[in-house]
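If you want the building blocks of each chain, they are given just below.
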Amino acid sequence: MAKELARGRVVAVACPLFIVLLALLSYSGAINAEDLAAETCHLEGWSQPLRCYQVPVGGADQSQNLAVAVAPAVNPDGSEPLYLLAGGPGQAASHLAPLLPSLAKVNRNRDIVMVDRRGSGRTGAFECGIEDELPPDLDAFAGLVSDCYDQQRQRTEGLNSRQTVDDLEQVRVSLGHEKIALWGGSWGTRTALLYQQWYPQSISALVLDAVAPIEAKVFLSAQAAEQALQQLQDACMEDKSCAGLGDWRGDLDRLLNEWETGESRLADPLTGAPMPRRVPRWELANAVRTALYDPGAAAQLPYVIHQAARGNLLPLSGLSSLFLPASDTMSMGLTFSVACAEELNRTSAEEVAADSRDTFLGTGFIDIFRTACGVWPVQERSYPEPERREHPVLLISGSADPITPPEYADTRLDYLSHKQHLVVDGGGHINTRRGCIPELIASFLDAPEQPLDSACVKDIRRPPFMADAFGPALDAEPLAEVGEVAQ
Amino acid sequence: MSFLKQWLQGPMGALVYKESLEAWRDKRALLTAVTFALLFPVMITGTTVFVFKVKSENESRVALLGGEQVPLLAQRLAGDQLRVDVLQEGEPSALLAGEYDLVLQVGEDFVSQYREFGVPRLYVYMDGASKDASRARRQLQERLAPLQQQIVQQRAIARGVAPQLLAPWRLEVRDISTPSDRGKLILASVPALLIMTLFVASLATAVDASAGERERLSLENLLMQPLPPWQVVLAKTVAVASMGWLGGVLSVCALTALMPVMPLEELGMHQASSLSGVVTMGLLLMPLALLVAVVQLLLALGSKSFKDAQMRLSILQVAPLFMLMALDMSQVQLDKPIWQLLPLVGQQQWLKALLVGDVVSLPMVLAGSVVSLLLVAVFVLIGARALRRESLLGAT
Chain A
1 MAKELARGRV VAVACPLFIV LLALLSYSGA INAEDLAAET CHLEGWSQPL RCYQVPVGGA
61 DQSQNLAVAV APAVNPDGSE PLYLLAGGPG QAASHLAPLL PSLAKVNRNR DIVMVDRRGS
121 GRTGAFECGI EDELPPDLDA FAGLVSDCYD QQRQRTEGLN SRQTVDDLEQ VRVSLGHEKI
181 ALWGGSWGTR TALLYQQWYP QSISALVLDA VAPIEAKVFL SAQAAEQALQ QLQDACMEDK
241 SCAGLGDWRG DLDRLLNEWE TGESRLADPL TGAPMPRRVP RWELANAVRT ALYDPGAAAQ
301 LPYVIHQAAR GNLLPLSGLS SLFLPASDTM SMGLTFSVAC AEELNRTSAE EVAADSRDTF
361 LGTGFIDIFR TACGVWPVQE RSYPEPERRE HPVLLISGSA DPITPPEYAD TRLDYLSHKQ
421 HLVVDGGGHI NTRRGCIPEL IASFLDAPEQ PLDSACVKDI RRPPFMADAF GPALDAEPLA
481 EVGEVAQ
Chain B
1 MSFLKQWLQG PMGALVYKES LEAWRDKRAL LTAVTFALLF PVMITGTTVF VFKVKSENES
61 RVALLGGEQV PLLAQRLAGD QLRVDVLQEG EPSALLAGEY DLVLQVGEDF VSQYREFGVP
121 RLYVYMDGAS KDASRARRQL QERLAPLQQQ IVQQRAIARG VAPQLLAPWR LEVRDISTPS
181 DRGKLILASV PALLIMTLFV ASLATAVDAS AGERERLSLE NLLMQPLPPW QVVLAKTVAV
241 ASMGWLGGVL SVCALTALMP VMPLEELGMH QASSLSGVVT MGLLLMPLAL LVAVVQLLLA
301 LGSKSFKDAQ MRLSILQVAP LFMLMALDMS QVQLDKPIWQ LLPLVGQQQW LKALLVGDVV
361 SLPMVLAGSV VSLLLVAVFV LIGARALRRE SLLGAT
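Quick note, the sequences are listed as chains A and B, same order.
full-length UniProt numbering numbers the first residue of the first sequence as 1 and each following residue consecutively.
full-length UniProt numbering numbers the first residue of the second sequence as 1 and each following residue consecutively.
Errors might be hidden in some of the hints.
Quick look at which bits of chain A chain B covers, simulated, 3 or more residues with Cβ under 8 Å [unchecked claim]:
(1) 40-48
(2) 301-314
(3) 385-391
Here are the simulated lysine-lysine pairs, DSBU-like style, with alpha carbons at most 30 Å apart [stated by the list, open to error]:
(4) Lys-105(A) with Lys-131(B)
(5) Lys-105(A) with Lys-53(B)
(6) Lys-458(A) with Lys-304(B)
(7) Lys-27(B) with Lys-336(B)
(8) Lys-336(B) with Lys-18(B)
Worth flagging that the hints you see were computed from the coordinates, not collected in a lab.
A virtual CB, placed ideally from N, CA and C, is assigned to each residue, including glycine.
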């Protein structure tokens with residue numbers, strides 16, 4: 001009897017096993033089916049293959065295919081994908097690919113998605129021919145911008161934050177993502193905050209680096225740039241080798257005041273030949289402002305200014321090379337379309353005067369946009385009053401950011417009830433790649449409700465100051481720096 | 001189905017039951033199968049974890065001799081995973097024999113040469129025979145490189161030169177591999193080891209069911225029963241294969257259970273372990289387990305003695321490993337579908353794919369499994385013919 005039972009069991013097991021094999025193989029084939037709409041592609045700054053899509057968005061009157069690149073998760077576990085929102089406005093998300101190595105830990109279990117918005121990058125960059133080289137004066141600049149507007153007027157329609165957010169929402173649905181996390185950098189934080197307002201149900205968490213709150217007027221940046229320069233001056237005073245350069249801040253004021261009257265010409269940092277045009281004062285002031293974005297470039301400012309004030313303009317020429325046009329240049333048509341409709345329209349002359357008073361930058365930065373917007377007549381757009389939101393938000397600021405200072409995140413986001421704020425001491429504009437910030441972002445996304453242990457932020461240091469033509473003084477006592485975290 | 005049921009409930013079923021009972025009663029054979037099946041997944045996991053931990057998590061200690069001259073350098077070197085102690089004096093070899101992985105000595109007149117655009121020296125003392133030295137040197141170079149780059153950039157800018165002129169081009173690497181491709185590389189040896197488990201786990205049972213039975217003089221009695229010889233061989237094959245298959249399935253289970261412990265994501269590899277994957281791999285191994293069993297039985301039956309059988313099968317158990325490794329290292333493109341019809345190679349390719357979550361072709365799996373089963377049938381018939389020879393029974 002026992003033997004018969006045993007034999008019966010053999011039959012009972014053997015036959016279903018074969019059926020199970022068939023079922024399993026069929027099942028494994030089904031879940032691994034590749035989406036035929038995706039193509040393998042690569043972006044500069046990231047060696048791994050990406051999945052690239054052309055995702056149709058918009059209604060019948062404003063339909064467009066958006067270029068979308070997805071860095072697939074190494075080991076997907078169902079975590080929400082992270083969408084990277086680029087700055088500018090005018091930068092393409094695909095130009096953020098160099099961030100991917102820093103976000104490798106995030107990418108282990110989450111897809112990272114880069115959507116080139118209308119008018120940017122591989123979706124169709126809206127360029128005006130001024131991306132490579134600025135014209136000699138603002139009048140010539142206005143002429144070029146005006147020509148660009150006249151030639152491509154129809155493209156300006158639909159280039160606004162509302163359209164961008166609606167497009168992103170359509171991309172989210174098309175890619176089959178239930179909820180998404182957002183990373184925004186600079187102007188991308190504005191887009192993320194608006195997305196949060198308009199589609200709160202689609203978002204799980206936000207990481208905002210260099211925060212541009214909805215109500216902030218970020219193009220009024222002269223005071224922020226002045227504060228960043230002041231911080232640089234304070235840090236320089238604490239550094240023995242930099243302090244030896246004396247009153248370089250006073251040198252800068254003198255240099256700017258006397259710049260227009262002098263005959264000084266910069267040399268081309270690529271060829272060494274004298275530049276064919278004189279660099280105007282506003283361009284010089286903007287070069288200093290731009291250097292403050294990056295602590296590495298800022299660390300060279302004291303020496304560069306010290307030398308320029310003494311007639312040696314070579315270091316100034318060399319520093320300008322750090323801002324040479326690159327492949328990730330802004331699409332200025334997009335920049336003006338959004339900035340003129342959403343920022344400059346609500347910026348009064350009184351505010352400009354107040355912001356520029358007693359600053360090295362003066363109106364040097366905003367004049368560029370006021371000039372451009374004068375010949376870029378787009379429909380004004382306003383944002384609704386932000387409503388309270390409960391999403392977990394990680395805010396990241398550089399204490400010496402010349403355009404989105406930490407005060408923006410501290411004082412303009414009261415409607416966000418679950419936020420943490422990391423401030424990188426001496427940090428410039430965008431700090432996602434620095435020190436332990438990538439680790440903290442990954443930890444935040446894994447457990448967004450948990451407070452971060454951000455003690456490591458204080459270990460992020462300013463790069464060493466340039467002390468002389470030999471570079472930093474290795475024999476000087478280094479700076480000790482402290483970071484902070486606020487809830 | 002009813003034919004198969006009747007067949008198994010007849011003398012053939014009794015024979016399979018008898019052979020299985022003898023196979024599974026042998027505790028030594030069972031222990032061998034289980035031990036090997038669990039040992040190699042544990043070893044692979046241990047090695048992977050250890051290598052990764054050593055590579056990425058251990059802190060290196062560096063003694064910076066003369067570091068008081070260059071406090072900025074000392075500060076920039078120190079940090080996560082690299083502890084730097086500034087020492088005014090010390091003997092490098094004595095320091096290396098102590099607690100330091102590396103000694104970095106600042107050359108004479110370093111500061112003055114640096115300021116005068118000379119080429120000051122930094123001397124790295126290391127014990128090349130120490131397992132920690134290369135890791136410490138790599139970490140040191142990773143810290144020195146950005147500082148060096150900053151200095152070069154500052155020096156270029158001081159002279160009005162764009163730093164990008166110092167790099168005539170940028171090398172953009174475009175890796176076309178997928179996480180599962182990288183997984184196949186990292187787990188390249190695992191399918192061969194899984195297949196080897198079949199050989200090792202069923203070895204003792206195969207010898208016992210053939211040469212052992214002959215030495216116990218019970219094979220003659222068995223052949224005198226009113227059963228065709230092929231049924232005898234088939235029954236023994238099933239019993240032996242069950243032991244090998246147990247080993248294979250245990251290995252697959254152990255490997256899958258241990259995968260979460262391995263730092264596969266850090267290595268850029270897709271972690272594809274799942275219950276369905278385990279069951280699929282187990283089923284795929286079944287035809288191969290039968291083939292291995294029948295080959296082992298034939299070799300053991302053809303041997304002159306019990307010891308001879310053990311020796312033959314010992315050689316046989318490493319043969320597939322070498323063959324698969326040789327094929328892997330050769331220029332043969334194993335990804336062509338035709339290779340999947342070849343036993344061992346087919347199973348290796350399927351296991352390789354399933355371990356990293358790739359798709360395997362159902363028609364190819366079925367075709368390859370049918371080829372393996374056909375070979376089993378052929379070998380069973382060959383075995384049946386061999387059993388008819390009286391000389392076989394006389395071998396000692």
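Checked against the structure, which of the hints given earlier come out wrong?
3, 6, 7 and 8
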